[in-house]
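Top line first, the protein sequences correspond to chains B and G.
Residue numbers for the first sequence follow the working numbering, beginning at 2 and rising by one.
Residue numbers for the second sequence follow the working numbering, beginning at 78 and rising by one.
Calculated from the structure, these hints are not laboratory results.
No residue lacks a Cβ here, since even glycine has one placed at the ideal position from N, Cα and C.
One or more of the hints may lead you astray.
Cut-off 25 angstroms, straight-line C-alpha distance, at most; resulting in silico cross-link-like pairs (DSS-like, lysine-lysine) [as the list claims (entries may be wrong)]: (1) 61(B) with 73(B); (2) 189(B) with 115(G); (3) 99(B) with 215(B); (4) 99(B) with 115(G); (5) 73(B) with 215(B); (6) 99(B) with 269(G); (7) 189(B) with 85(G); (8) 269(G) with 189(B); (9) 85(G) with 73(B); (10) 215(B) with 189(B); (11) 189(B) with 73(B); (12) 215(B) with 115(G).
These stretches of chain B come out as covered by chain G in the derived footprint (C-beta under 8 angstroms, 3 or more residues) [said to hold, decoys possible]: (13) 27-34; (14) 92-99; (15) 105-115; (16) 207-214; (17) 217-229; (18) 251-257; (19) 264-273.
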Amino acid sequence: MKGRNPIERCFPVLLFIPSFVVILFVIIIPLVNSFYLSLTNYVLLQPGTGKFIGLENYVKILFDPVFHQAFKNTLLLMIIAVNLELWIGLGIALLLYKEFPGRGVIIPLLVTPMTVAPIVVGLQFKWLFNEVYGVVNYILTQLRIINEPLAWLIQPNIALIPILIAEIWQWTPFMILVMTAGLQSVPKDLMEAAEIDGASALQRFRYIIFDHIKPILWIALTIRSIDVVRIFDVVQIMTGGGPAHATEVLGTFIYRTALVDRQFSYGLAGSYIAMLISILFAWYLFRQVRKVVE
Amino acid sequence: MSRAYVLKAVKYILIALILIVVLFPIYWIFLTSIKSEKEIVAYPPIFLPRGLTIEHYIHVIYGYSGLTKFSLFPSYLMNSIIVASVSTIFSVFLALFAAFAFSRFRFRGRDALFLLIIMLRATPGIALSIPLYIFYRTLGLDDTLLGLIIAYTALNTPFATWLLAGYIDEIPRILDEAAEIDGASWWSVLWKILVPLSRPGILTTALLIFVFSWNEFPIAFVVTSSVASRTATVGIYTFMQEFFIDWGGMSAAATFMYLPPIILAFIAQKALVRGLTFGAVKG
């Protein structure tokens, strides 16, 4: 399919121009521009700043204990949340595997959390974990799991738990949905044959289902891991990174330094480090996925 | 009572429990939005209220008498609707062109597109929002609806392109080749054949992008600063800072936010799987 005249030949390239212009304008130019700013000592709304200082901000941030805390928390959330989501999601997907009356309604109901705005999810859980009127405290004291109502979002040593639960509530449905799609790819006749041959449910899971869904499992794991690195909305509305940086994540760190403390160039340096970490991480995981899929 | 029967019962009970856990937070916010002030702050919490009220909705829509003359939330909602719908239309149009090129012409660029999507997906929104804010301030685009519309269009277009290219790939090439032999231009192949045939894909992609924009927080949070462009997610956040004890009002505001996402969950689950796994899982 070759174009017949020069205009036709250029046509495919012309098709990209509008998208390219918008992306250049919103993503590339600002990123290049502020990369330069991150190499200066620019402070928001303070004239006379903006002197070139090279990599000073980057060096400083690597030794910043708050940044370490943010990095640690982001990693911790990622490891715990993604693993729990994966196994709970897989369990639920297996439960929903066989056709039964009502399945068609139950799946969309179970999927709803992942489409809700993270800011609203944060609001929900902030209310559920409220230290005075919260339902969570009520239920846990009734079940005698805790003796006294806990100040979930105020006590530094437990403040990460409500955030973790909000994250798991919102994203386990993603795993359910992806696993359900994956389970459909398991050949039905293979399962039936194994059942007739007397393979136990566990054996069928291990040798047939798990083998078939492994690539999808990896993809889901990768996507969710990348997502957690970006976590911001839920934390910002629930704790703002507090108390005393106990729930600080990369997102809240960047926001606070750049816009609250007005250390613009310093916050930008944080942004670029966060971007670098996530992109390298994404790249690594996708390479792993490719290996598993092939 | 056979063993199979017991197993089935256990399964249904488990599913019911899971449903309760999943839906409870949403139910609880909705319930809070229609409870009286007194029942909201009752302890133990009231699971089935005696009387219902719409006063919180009135507060959210018309404001509190005494505190402020009118509420800003309806304007925030309006901003969200405008920004999400206009940017969705732009993204889908731009993406259709690019997807068409990816799907119907030989390109090496497809890997590059995927890389761009992954990079965008991996970039924290807040990390992108600060550079954007500086840039917008110099152009006077900060705190404008147009600024947000352009930002969301740019962020969603690569993703929409990827999805739409997947849908167009599924249309047999023979159809557009036949049309081309009959003398149709590429332009009319796109609009008369490919677009009508991929309409369900286009609609679900649009719905997905709409909800992404509707739910977006970090960029709107940084780039907007007043009612001129503040969207509903930012509205809820500021509401929380200013009226942090008014759980009824906040819940009423949140209830408005649920509508588009719930519609999405019900009519486009398949697109959700496909969309959120970048087409890796067809759903």
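Hints versus structure:
For a cut-off of 25 angstroms, the pair hint linking residue 61(B) to residue 73(B) stands: about 17 angstroms separates their Cα positions. Restraint check: the Cα-Cα separation between residue 189(B) and residue 115(G) comes to about 56 angstroms, which exceeds 25 angstroms; the hinted pair is violated. Straight-line distance between C-alpha atoms of residue 99(B) and residue 215(B) comes to about 20 angstroms, which keeps the hinted pair within the 25 angstroms bound. Between the alpha carbons of residue 99(B) and residue 115(G) the distance comes to roughly 46 angstroms, so the proposed pair goes past 25 angstroms and is violated.
With a C-alpha separation of about 29 angstroms, the suggested pairing of residue 73(B) with residue 215(B) is violated against the 25 angstroms cut-off. In summary, the hint linking residue 99(B) to residue 269(G) is not supported, as the alpha carbons are separated by about 41 angstroms, beyond the 25 angstroms threshold. Note on residue 189(B) and residue 85(G): the hinted pairing holds, with a Cα-Cα distance of about 20 angstroms set against a maximum of 25 angstroms. For the proposed pair residue 269(G) and residue 189(B), the alpha carbon gap of about 40 angstroms is over 25 angstroms, so the pair is violated.
For the proposed pair residue 85(G) and residue 73(B), the alpha carbon gap of about 43 angstroms is over 25 angstroms, so the pair is violated. Taking the CA atoms of residue 215(B) and residue 189(B), the gap is about 17 angstroms. The hint holds against a cut of 25 angstroms. Restraint check for residue 189(B) and residue 73(B): the C-alpha separation of about 44 angstroms exceeds 25 angstroms, so the hint is violated. Using a Cα cut-off of 25 angstroms, the hinted pair residue 215(B) and residue 115(G) is violated, with the two alpha carbons roughly 52 angstroms apart.
With 6 residues carrying a beta carbon less than 8 angstroms from a beta carbon of chain G, the segment 27-34 of chain B meets the three-residue requirement, and the given coverage holds. Judged by the Cβ-Cβ criterion of 8 angstroms, the segment 92-99 of chain B is covered by chain G as claimed, because 3 of its residues qualify and three suffice. Requiring three or more residues with a Cβ within less than 8 angstroms of a Cβ of chain G, the coverage given for the segment 105-115 of chain B holds, as 9 such residues are present. With 0 residues carrying a beta carbon less than 8 angstroms from a beta carbon of chain G, the segment 207-214 of chain B misses the three-residue requirement, and the given coverage is violated.
Given a C-beta distance limit of less than 8 angstroms, the hint that chain G covers the segment 217-229 of chain B holds, as 6 residues qualify and 3 suffice. Coverage of the segment 251-257 of chain B by chain G holds [criterion: at least 3 residues with CB-CB distance below 8 angstroms; count 4]. Here's how the segment 264-273 of chain B fares: 6 of its residues keep a CB closer than 8 angstroms to some CB of chain G, so the rule of at least three is met and the hint holds.
Hint compliance for this structure: hints 2, 4, 5, 6, 8, 9, 11, 12, 16 are broken, all remaining hints hold.
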